[in-house]
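Asks: Residue numbers (my numbering): 20 to 340.
Hints may contain errors.
[As the list claims (entries may be wrong)] Each pair of labels, with its calculated beta carbon distance range:
no.: 1; residue 1: 190; residue 2: 80; range: 37 to 47 Å
no.: 2; residue 1: 45; residue 2: 190; range: 28 to 38 Å
no.: 3; residue 1: 143; residue 2: 33; range: 35 to 45 Å
no.: 4; residue 1: 45; residue 2: 323; range: 39 to 49 Å
no.: 5; residue 1: 204; residue 2: 165; range: 36 to 46 Å
no.: 6; residue 1: 95; residue 2: 143; range: 32 to 42 Å
To be clear, the hints were calculated from the coordinates, so they are not data collected in a lab. No residue lacks a Cβ here, since even glycine has one placed at the ideal position from N, Cα and C.
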Amino acid sequence: MQLVDRIGSRLKLRELHILLAVAERQSMAKAAHDLAVSQPVVSKTIADLEATLGVRLLDRSRQGIVPTPYGRALLRRSFVAFDELREGLKEIEFLTKPTTGDVRVGALVGAVAGLLPAVINQVRDRYPRFTIRVTQLLTSPAVYETLRERKVDFIIGRILSRTHEKDLNVQVLFHEPLFIVTGAQSRWASRRKIVIGDLLDEPWILPEPHTEVGSHVAAVFQRSKVEVPRAAVVSNALEMYWALLATGKFLTVLPPSVLHFSTQRPPIKVLPVKLPVQFRPYGVVTLKNRTLSPAAQIVIDCAREVAKPLGRQEKHGARRS
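Can you make the complete structure from the sequences, with help from the hints?
Replies: Structural data, given as structure tokens:
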């Protein structure tokens, strides 16, 4: 009997479910606890699965139980299979109850403080029984792994340079520049003409320099032919920005989406500093060849609608460089 025939007649979803649990927890005992079954049941299920496939799927190491190359190959496809089943069940539920939905959103920091709350507010007005689960993501090299592992339905925020990867689909909502801003109480807030060199010795709040956001901010200064100022505070937490800007003592660089949509920020003044225009794309990233649930598509469509004002600002704004 061919391997594919054995899989069709003997491989069970329950076995794959247990394999996924063991791989995630790196322990048969912990997986058994999570699944509310005995450890011998887990051990026998893994042994039966290995016998069906004729290969070893798991090894023990100092870190615990880890998948073999054969196990990793099966796990990758198992993630996809369970994700498709979950999305199918979501679609059935939506078709039977069109006002109900469960959507998992990965959001970069700027989206959490800006566009996304406005999107959620509008979705909830139309679909009050929707549940939207938001995971805040950092702009790390592994940010899109959250999508690949099917932990979120889509990611919203500033588009990172890694989205050229072949398995990712990018929907740009708008392009946005960066502005130098300060609190309304700042001595700079009433100035009508400022050159960037006047501000270099002021206290600045800047993002981590080795992040993608940090490189965008550094480019604002470099293209203005000045040195990046020494940071008084280095942080990626917007709550920190709001608290410090409210004192009127600090300056920072922020995109208009955060300024336009955030309701938690203090009164802020965009300084009249002429900067080289650097538009960066902002939008939604999904996995190619993955069918989203109708509820997830509704949230994305709503994001496109809410983002329209910024798209119009882009068209009538400064020329892109």
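Asks: With reference to the structure, classify each hint as holding or not holding.
Replies: Here is what the structure says about each hint:
Between residue 190 and residue 80 the C-beta distance comes to about 41 Å, which sits within the given range of 37 to 47 Å. Distance hint check: the CB atoms of residue 45 and residue 190 are about 36 Å apart, consistent with the given range 28 to 38 Å. Distance hint check: the CB atoms of residue 143 and residue 33 are about 37 Å apart, consistent with the given range 35 to 45 Å. The beta-carbon spacing between residue 45 and residue 323, approximately 41 Å, falls within the hinted interval of 39 to 49 Å.
Between residue 204 and residue 165 the C-beta distance comes to about 39 Å, which sits within the given range of 36 to 46 Å. Hint check: residue 95 to residue 143, Cβ distance near 35 Å, so the stated range 32 to 42 Å holds.
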